[in-house]
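Mind assembling these two chains? They're in different frames, but the hints should get you there.
Top line first, the protein sequences correspond to chains F and H. For what it's worth, this note's numbering labels the leading residue of the first sequence as 98, then goes sequentially. For what it's worth, this note's numbering labels the leading residue of the second sequence as -12, then goes sequentially.
Hints are computed from structural coordinates only; laboratory data are not their basis. Each hint should be verified, as a subset may be incorrect.
[As the list claims (entries may be wrong)] Chain H stretches covered by chain F per the calculated footprint, using a threshold of three residues with CB under 8 Å from any CB of chain F: (1) 79 to 92; (2) 146 to 158; (3) 233 to 240; (4) 265 to 275.
We put the beta carbon where it would ideally sit given N, CA and C, even for glycine.
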Amino acid sequence: MFLSMNWISDFVDLSGLDKLDLIHRFSLSTAEVENEIFFKGSDISGVVVAEIKSVENHPESEKLHLLKVDAGDGNLTDVVCGAPNVRAGMKTAFAKVGAKIGDITIAPRPLAGYISNGMCCSEKEIGISDDHSGIMEITDDIPNGTDLKSVYQIDDIVFEVDNKSLTNRPDLWGHYGIAREFAALAGRPLKELETADLKQYDALPGVDMKIEDKLCLRYSCLQVENIHTTVSPVNMRIRLYYCGMRAINFLADLTNYLMLEMGQPMHAFDSRKVEKIRIKRFDKPFVFRTLDGVDRNIDENTLMICNGDTPVAIAGIMGGLDSEIVEDTTTLTLESATFDAASVRKSTVRLAHRTDASMRYEKSLDPEMTVPAIARFVKLMQDTDKDAVVVSSLTDEYAVRYDTVKLDFDLDFIDKYTGIKIDAGTIEHTLKSLGFAVTADGGSFSVTVPSWRATKDVTIKADIVEEITRIYGYDNFAVHTAKAPLYPVRPEQEKTDEDKIKDILVKRFSLHELHSYIWAYYDEYRSLGIEIEDNVKLINATNPNIETIRKSIVPTQLCQVRSNLNYASDFGVFEIGRTVDGLDENSLCRESKKLCVTLFSKTKTLEALYFELSRILSVLSSEIKHKPLEFKKADAVHSYEHPINLNSVYADGVYLGKIGIVHPSVSKKIDRKASVVFAEIDVKAFSEIADAGIVYREPSRFPEIEVDLSFVSDTFAPIGSAIKAADCPLIQKVEVVDTYRDGGTKSITTRLTFSHPEKTLKREEVMSVADKIIETLAAENIPLKK
Amino acid sequence: MKEKLEAIRVKAQQELASITEQAQLENFRVAVLGKKGELTSILKAMGSLSAEERPVMGQLANEVRAFIEEKIQEKSNQLKEFELKREIESTPLFDISVPANLNCGSYHPITLVQRQCEAIFKSMGFTVEDYGEIVTDYECFESLNIPKDHPARDMQDTYYLENGQLLKTQTSAAQNAIYKKYKDALVNDGVPIKAIFPGRCFRNEATDACHENTFFQMEGVMVDRDISISNLIYFMKTMLSEVFRKDIKVRLRPGFFPFVEPGFELDISCLICGGEGCPSCKHSGWLELCPCGMIHPQVLKEGGIDPEKYTGFAFGLGLTRLAMMKYGIKDIRDLNSGSLKSLSQFTDDE
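This is chain H alone, in the form it adopts within the complex (with noise of 0.2 Å):
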C-alpha cells in the first residue's frame, strides 16, 4: 500500500506537470482526488490493513492527498496567471493616434463674438435689448434728428418695403424704444439707463469681400445725470480691452453722426502691429471700429428725457467686422453663406 500511495504521488507529480488547461486540471482532480478517484478507491482499501498499519497508512495518504491537493492548487494558480498573460498578449494595440471624430456642433462666429461683447456689459450692469429687424421710418431716422431731406439718408442705402416700413440700417434704430422703455425708472427712481442692443442690419448694397447687404451691429447707450465725454472713452476703452483681452489704446476723432454731438470715431491701435503700422491698418497704427458720441439732446427728447437734466453716450460697434477681425476671416460673405466647411470651426469661445 505504502507503495501504491508512493506512486500516485509520483504519477500525480509528471500528470500534473503535462497540464495546461483549467478544464484538463479539473479531470485531473476527479480522477485522483474524486470519490471514484485512485487516492479515494485505495483509502477504501484501508479497512484491510491492521491497527498498526492503519494509522500509519492513514498519515501517509493524508500527506500525498495534501501533497496533491497543494499541487493542483499551485497548478491553477500557475494556469489562471498563464491565461491572463496570454489573455492580455492577444489584447491589440489599440490606436489612439488616429483622430477622433468630434462631431462637435458649431455656433455662428457672430453669436460668440455677441456672447462676449453682451458678458462684459452684464458684468456692467447693462441689460441687453432685442428689437425687430423691420423698423419704421420714425425709428431709424426721424427719431435720431434725421430729417426727411438730410444727406446722412444718402449715406445709408436702405431697402425700403412696400408697406413704409424698412429693413434697419443701424441698430440706434432702437434707441428711442430703449429710452420710452427706462424713461420712468430713470426718472422717477433714478435707475440709470445702461442697455446694449445686439442686432441685425442691412444696406441695400452690392456685396463683396468686404461688404455685405447684411451684417450685425451692437448698440451701446448709458443715460444718467452726469454721463460725460469722459465716461464715453472710459467705457469703449474697458469694452474693447476686454473683447480683445489685451490693454487696447483708443483715441477719438471728431465724426459726423446726427443723432450724437459730438460724435466720434473711435480709432484702436492696430491689433496686428500694435500700433507700429502695418498693411492691415494700412500702415497708420490704428483702426476704425466704432462710432460713437454724446447723444444728441433732440434724440434724447424724442424718447422723452430732458436733455436739461440728463446726458448720455451712444455707441454702435460692428460685431461683424469684429467677428472678422478676432477670427481672421477675410470674406465677409462667408457668415451668411451658410457653408458648414467654414461656419462648423466655431465650436465655442468664452
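This is chain F alone, in the form it adopts within the complex (with noise of 0.2 Å):
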C-alpha cells in the first residue's frame, strides 16, 4: 500500500519535523516500510499555468501546430506543439525555457523549421498520471504565470508499506489511521476527520434495506442525486495517482479516495436497480456477472447484496454489471458496510478473485467506520459539486455488535513483561494517543480499547504491551540477562549418538552427508527401476510427482549416488533423516529416524566394499555402544536388495536395520560395472541399545599361547558360535587369519590367543579347548581342514 505525506499530513501537522526521520520511525513502531522512498515532483520545476492564445495549423506538418502562449509574463511565448487537444483559450501546464522535467531542462528548440521556446506538458509529462492522450487541461480559474506546484499538491513524499505488516492491523487500511500512527510517534494531536452533518437529512424517507444474514455486521447507505461532475478535482487525482489508482471518474475516484482514507470500502449502484437491498445467501449456486464482465460461479456461501431476490453485488468483493452507474444514472445508493471477515476471504479464495475492498474486508473492519465514511462521503462530494443533493435519510442496520474491549493491568504487570521502567505517565499519554480510553489510578490502569483496534486486534494485557513498547522504541530498551536459577542439563542420548554417528563417519571413513526430501520422487524412483512402494500421501501436492512418502532413504540416496557418478570413483555418502512406515492404530503415521549409508566403487569388487560396510557399522556399535554386531541372513523384500546378500543386522538381539548389496537390475543403471552397498538402520533403536562401555581387563604378565584351527566352512557364523559355546574366559583373541578356496571347498583358519592372568598355560590345557570347539563343529559337519 503506498501512503502520501501530503494526506497523512491532513489530519495531523507535521511542519517542522523531519519526515524520512518519522517514517523510518512508523518502520521500527508500526510496519515495515519498503526502502525506496518516492519523492514525487522533487524533478519538476519551471511548469507554471498558461494559456494557449491561438492555435496555427504547421505549413509542413499535420501533427504540429505553432502556438502563442500566455505564460503570465507579459509577452506571448511561440511553441510548437504536437498534442492533439490543443485550442484557442485552454489552459495547460506550460514548462518554461528554464523548466527542469525529469533529466531535461526546457531550452529553446527548433522542431521543424521553427523555434518552440517552451513545452506544454501531459500530467503524464508532470508525472501526476500516465495519461499522455494530451496536454494537461487545467479548469481551475488561476492565473497565467502561476508556479503549477502552488497550487496542486505534485510535491509529496510517497512511501510504500508491505500489505503483509498490516494483515492483524484493519485501522491501517487508510490514511487516517496512518496518521493516527504517526500523531502518536511525533506527539501531535490527530485531526478530527471533517464530515457533513447526516441528521440534516433524517426527515428525508429511508432506503428499503434489510439484512438477512449475520455474515453483514453492518448496513449502512445513502441516497444521492445530482452529481453532475465527472472529473475530479487535480488534487484528489494527484493522490490517487501516487497511492497506485487511476483516476476513473468523479464518482468512482470519490469512493476510492474514501477506502485510501479511511479504509472503509464503499460502493455506488445505480438506485433504479436496487429499491430493495437485500443481504442474503442463495440455496443455490449461479452464475454472477460482475462489473469487470466476468461471469462468476456463486454458492451457497457467498454473501450477496441483491434487490429483493436478484443478486446485485458480492458481498465485499465486487459490484455486478447490472447495477452499476451508468450514463443516464441520476439517484445513485451509496453502500458502506461491514462484513464477516472469515465469509469475505473464504469467497475471495473460492471466487479466485482478490479486490481492493476485499483485502481490507479480511482484515475485520470496525463496524463504527460505516456512518462516518458516509458523512465523510457527503462532505468532500459537496465541496466538488455543490449541485450534488443527498435525497433520503442515513439508513443503517447495525445487526452484529463486537463487544467493547476493557483491560485493567498494572504497573508491575508492564514493569515485568518489559523488564524495564516505563513510568505511568508515559503509559497514559502513549495509550490516549492510540486512542484508547484511559482511567490511571496510582500505579493501576483502566483501559477501553477503541472500536478500530478491537475487532481482533487487541483482546488481551499483552495486545497493550505492544502498545506501549512499539511507541516507547526497542531501540530505546535497556537489555539484560535473565535472573533464572541453574540446573543441569542433561543431553538427550539420540541426540549425543547422532551427532557421535556423524562425526565417525564423517572423520573416520571420510563419508559426505547429504540430506534429501521426504518423499519418494516417482521420476528418478523409476528410471533406476525401483518401485514405488504404497505408502501415506500428501493430498495437496502440486507436484503429482511427490505424493508418496518414503519408506525408506536407501532409494533416495541410490539416486543421489547416480548423480554424482562424475564425482569421484569410490566414495560413500550417509543421511539421518525420516522415513514413514504406514499408519500406526491412531491413524498416525508411525515416522522413523534412519541412518543410512551407501558406499560406491569402481575400483573395489563387491565384496570388499560390502565388508568395508560391515566394518563401519561394527565400528559405530563398537565405539557408540561397545557391543558387537551380529549379522543374519535376511529376505529380500524390495525391489533394490539383492536376494543372497542382504543381512538383517542386531546388537544385543535387538533388530537394527538391514546391510546388503544392490540387486543388479538396480545397480546396473546407476553404473554397469561399479559395486554399490546400502545400510539402513534406526537411530532411535540404536541409540536405546545400552552402552556396556569400556571393561578394562588387566593384561597378563604370562606368554600366550596362539593355536591355528583351519575348518571347511562356507562361512565364519558356525566357527564363531562354536568358540562362544565354548565359553572359555582364558580366550583373549579371535581371528580369522586365512581362507582359502579349493576347488568347491573353502577354508577358514581361525587363530585362538589363549592366555592366563596368574600363570603360563600349558599346551595341553589349551588344547583341551580347541579339541571341545573341533567336537562342536564336527558334530554340525564341519570338519577339520585335513
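What follows is the structure, encoded as C-alpha cells:
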C-alpha cells in the first residue's frame, strides 16, 4: 500500500519535523516500510499555468501546431506543440525555458523549422497521471504564470508499506489510521475528520434495506442525486495516482478516495436497480456477472447484496455489471457496510478474485466506520459538486456488534513483561494518543480499546504491552540477561549418539553427509527401476511426482549416488533422515529416524565393499555402544535388495536394520560395472541399546599361546558360535587369519589366542578347549581341514 | 723375512687403494690376514728364525699386522661413508608440491550451523529437543493460537497427508510438546524451561533459487517467572553475535505471528556492509533474520502453564538461511541436491 505524506498531513500537523525520520520510526514502531521512498515532484520545476491564445497549423506538418502562449510574463511565447487536444483558450501546464522535467532542461528548440520556446506538458510528463493522450487541461481558475506546484500538490513524499505487515491492523488500511500512528510517534494531536452532518437528512425517506444474514455485521446506505461533476479535482486525482490507483470519474474516484483515506470500502449502485436491498445467501449456486464483465460461479456460502431476490453485488468483493452506475443514472445508492471477515476471505479464495475492498474486509474492519465514511463522502462530494443533493435519510442496520474490550492492568505487570521501567505518565499518554480511553489510578490502569482496534487486534493485556513498547521504541530498551536459577542440563541420548555417528562417518570413514526429501520422487525411482511402494500420501502436493512419503532412505540415496557418478570413482554418502512406515493404530504416521549409508566404488569388488560397510557399522556399534553387531541373513522384500547378500543387523538381540548389496537390475542402471552397497539403521533402536562401556582387563604378564584351527566351512558364523559356546575365559582374541578356496570347498583358518592372568599356560590346557570346539563343529558336519 | 714383511705392507697399501666395495675389502682381509693369508703364512715361518731374530721379526710382523688392520678399518669406514652418500644421492627428490589427495568426509552445511547454534545455547543451559517432521493440526496450528479460519494459515501453504496429519510448516509445532514435557519441573521445582529445537519444515510452494519446500529452522523458547522483552533482546543479540562471531547490531520491529504477543521481526546489521547499505541488504543496512516475540498467553495455557504466573519468549531462526548467509550459498536448492561437488566442501567448521 502506497501512502502519501501530504494526505497524512491533512490529519496531523507534521511541520518542522523530519519526515524521513518519522517514516523510519513508523517502520520500527508500526509496520515495515519498503526501502524505496518516492520524492514525487522533486524532478519538476518551472512549470506554470499558461493559456493558449492562438493555434495555427504548421505549414509542413499535419501533427504540429504553432501556438502563442500566455505564461503570465506579459509576452506571448511561440511554442510548437504536437498534442492533438490543443485549442485556443485552453489552459495547460507549461514548462518555460529553463524549466526542468525529469532529466530534461527546457531550452529554445527548433522543431520542423520553427523555434519552440517551451513545452506544453501532458499529465504524464509532470508525473501526476499516466495520461499522455494530450496536454494537461486545467479548468480551475488560476492566473497565468502561477507555478503549478503552488496550486496542486505535486510535491509529495510517498512510501510503501508491505500489505503483509498490516494483516493484523484493520485500522491501518487508510491514511487516517496511518496518520494516527504518526501523531502518536510525533507527539502531535490527530485532527478530527471533517464530515457532513447527516442528521439534517433525517426527515427524508429511508432506503428499503434489510440484513437477512448475520454475515453482514452492519449496512449503512444513503441516496444521492444530481452529481454532474465527471472529472475529479486535480489534487484528488494526484493522490489517487500517487497511491497506485487510476482516476476514472468523479464518483468512482470518490469511493476509492474514501477507501484510501478511511479504509472503508464503498460502493455506488444505480438506485433504479436496488429499490429493495436485501443482504443474504442463496440456497443454490448460480452464475453472476461482476462489473468487470466476468461471469463468476457463486455458491451457497457466498454472501450477496440483492435487489429483492436479484443479486446485485458480491458482498465485500465486487459489484455486479447490471447495477453499475451508467450514463443515464440520476440517483445512486451509496453502500458503506461491514461483512464477516472470514466469510469474505473464503469467498475470495473460492472465486480466486481478490479486490482492494475484499483485502480490507478480510482484516476485520471496524463497523463503527460505516456511518462516518458516508458523512465524509457527502462532505467531499459537496465540496466539489455544489449541486449534488442527498435524497434519503441515512439508513443503517447494525446487526452484529463487537463487544467493547476493557482491560485492567497495573504498572508491575508492564515492568515484568518489559523488563524495563516505563513511567505511568508515558503509559497513559501513549495509550491515549492511540485512541485508547485510559483511567489511571496510581499504578493501576483501566483501559477501553477503541473500536477500530477491538475487532480482533487488541484483546489481552499483552496486546497493551505491545502498544506501549512499540511507541516507546525497542531501540530505547535497556537489555539484560535473565535471572534464572541454574540446573544441570542432560543431553538427550539419541541426539548425542546422532552426533557421534556423524563424526565417526565423516572423520574416520570420509563419508559425505547428504540431505534429501521426505517423499519418493517417482521419476527418479522409476528411472532406476525401483518400485514405488504404497505408503501415506500427500493430498495437496502441487507436484504429483512427490505425493507418496518414502518408506526408506535407500532408494533416495541410490538416486543421489547416480547423480554423483562424475564426482569420484569411490565415495560413500550418508543421511540421518525421516521415513514413514504406514499408519499406526491411532491412524498416525509411523515416523522413524533412519541412518542410511551407501558406498559406491569402481575400483573395489562388491565383496570388499560389502565388508567395508559392515566394518563401518561394527565400528559405530563398538565405539558408541561398546557392543558387537550380529548379522543374520534376511529375505529381500524391496526391489533394490539383493536376494543373496542381504543381512539383518542386530545388537543385543535387537533388530536395527539391514545391510546389503544392491540388486543388479538397479545397480547396473547406476553404473554397469561399479559396486554399490547400502545399509539402513533405525537411529532410535540403536540409541536405545545400552552402552556396555569400557571394561578394562589387566593384560597378563604370562606368555600367550596361539592355536590355529582350519575348518572346512562356507562361513565363519558356525565357527564363531562354537568358540562362543566353548565359553573359555582364557581366550583373549579370535581372528580369521586365512581363507582358502580349493575347488568347491572353502576353508577358514581361525587363530585363537589364549592367556592366563596368573600363570603360564600349558599347551594341553589350551588344546582341551580347542578339542571341544572341534567336536562341536564336527557334530555340525564342519570338519577340520585335512 | 724383513723384506717380505715390508713388501706385504707396501703391497697391501697399493691393493687397498684400488678397493671400492665392502666385499672386496673382506676378500682382501682374508687374503692377507686370514688363516691362510700371506701375513699368517709368514708368521708361521717364524719358527725357523734364530732366537735373536725372532723377537725383532715378531715385533715387525705385529706392526705390519696392526698397520694393515688399521688401514682396512679406515678403508671400511671410507666405504661405509661412501655407500651412505651414494644411497643419499640415489634417493630422488620427492615432489611434495603435488597436492595431496585428502579424501576428507563432509558434514551437511545445515549440520555445521546447527551444531554451532546448539553449542551456544547449550553453553547457556538450554536443552536440545528432537521432535518429528509429521505433526498434527493441533501441534502445528491449534495449540499455537492459530484457529481454523485464521488468515495465518493462508500464509503457510501446508502439505497435508491423507490421514489428516501434516508436514510441519514451522518448528513452533514443537512448542506445545516442549511446554508439556517441562511444565511440572517449572511449576513444582522452579526449573526454567530453556529449550531449542532444530528441525526440518515444509511449505507447499514452487522452488527456485530462493525458495525451497523443505528447509530447516531452529525454535527456541525460554519460560520462567519474569522473562521480559528486555531478556528476549539480550538473548537474540548474544546468540547472533556468537553465531557470526562478531558484535551484531539487532533491531526489533513489530511483526504479527499469532503465537507471540508482542511479536517482532528481528533485523541484524548487514553482514556484508555493516549497516552502510549494499545490494545484499537492498541498501537498507539491515537483514531480516528471525521472527520472535513474547509467548502468547493462550499458547502457554495450551501447554499447561499459567500465563498469569509465567512469561516467556520464543524465536524461530532460519537455519537454512543462516547456512546460506554464512557460507555464501546462492541457490537454496543446492542443499537438498545431494550434489557432492557442492556439499563435499563442508569438511568441518567448529
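Going down the list of hints, with the structure as the test:
Counting residues of the region 79 to 92 of chain H whose beta-carbon sits less than 8 Å from any beta-carbon of chain F gives 3, enough to reach three: the coverage restraint holds. Figure legend: the region 146 to 158 of chain H, annotated as covered by chain F; annotation consistent (8 residues with Cβ-Cβ distances under 8 Å, at least 3 required). Here's how the region 233 to 240 of chain H fares: 3 of its residues keep a CB closer than 8 Å to some CB of chain F, so the rule of at least three is met and the hint holds. Restraint check on the region 265 to 275 of chain H versus chain F: 3 residues with Cβ-Cβ distances below 8 Å, three needed, restraint holds.
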